[in-house]
Amino acid sequence: MQQQNAPKNIAIFMIMATIIVSGIILGFLYSLLPEHHPQKNQQACENAGGDWSTEEKICLLSYKETGEICTDGGQCVSGICSPPILTAAQKINLATGPLENISGTCYPDDAATGCVAQVQKGTVSKESLCLDYQ
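Per my numbering, residue 1 is the first one in the sequence shown, and the count goes up by one each step.
What the hints contain is simulated information worked out from the structure, not anything from laboratory work. Just so you know, nobody snuck in bad clues.
Here are the simulated DSS-like cross-link-like pairs (lysine-lysine), alpha carbons at most 27 Å apart as the crow flies:
(1) Lys-57 / Lys-40
(2) Lys-64 / Lys-126
(3) Lys-57 / Lys-121
(4) Lys-40 / Lys-64
(5) Lys-91 / Lys-126
(6) Lys-64 / Lys-121
(7) Lys-121 / Lys-91
(8) Lys-121 / Lys-40
Please take these sequences and the hints and turn them into a complete structure.
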């Protein structure tokens, strides 16, 4: 009986090992993407909300407190950049697609429950505003 299960056990082990190794490799490759290293150049630094030091050629990133201006949740201590109140024209334009070049304010840490409207990379969409247009 054990002889019959041996090939099956080996196949299961090989599949599991392949999945684990693939996950490790993909995680490593993902970490090498440029958006995960804003300190590499001035453009990437500024896109991430950092300040580029021209003398030292480094990116100075700091997280913003509640109420400070932001364009992405990654800039905030809470991880959430809350959008401003949209104008009537912006609400109309939102029905046809995302709005770009939007600045919000950092959301409080303790107030995040359920779906929270967010600015993501300077953009708001119906999904990021938790709107249900059906």
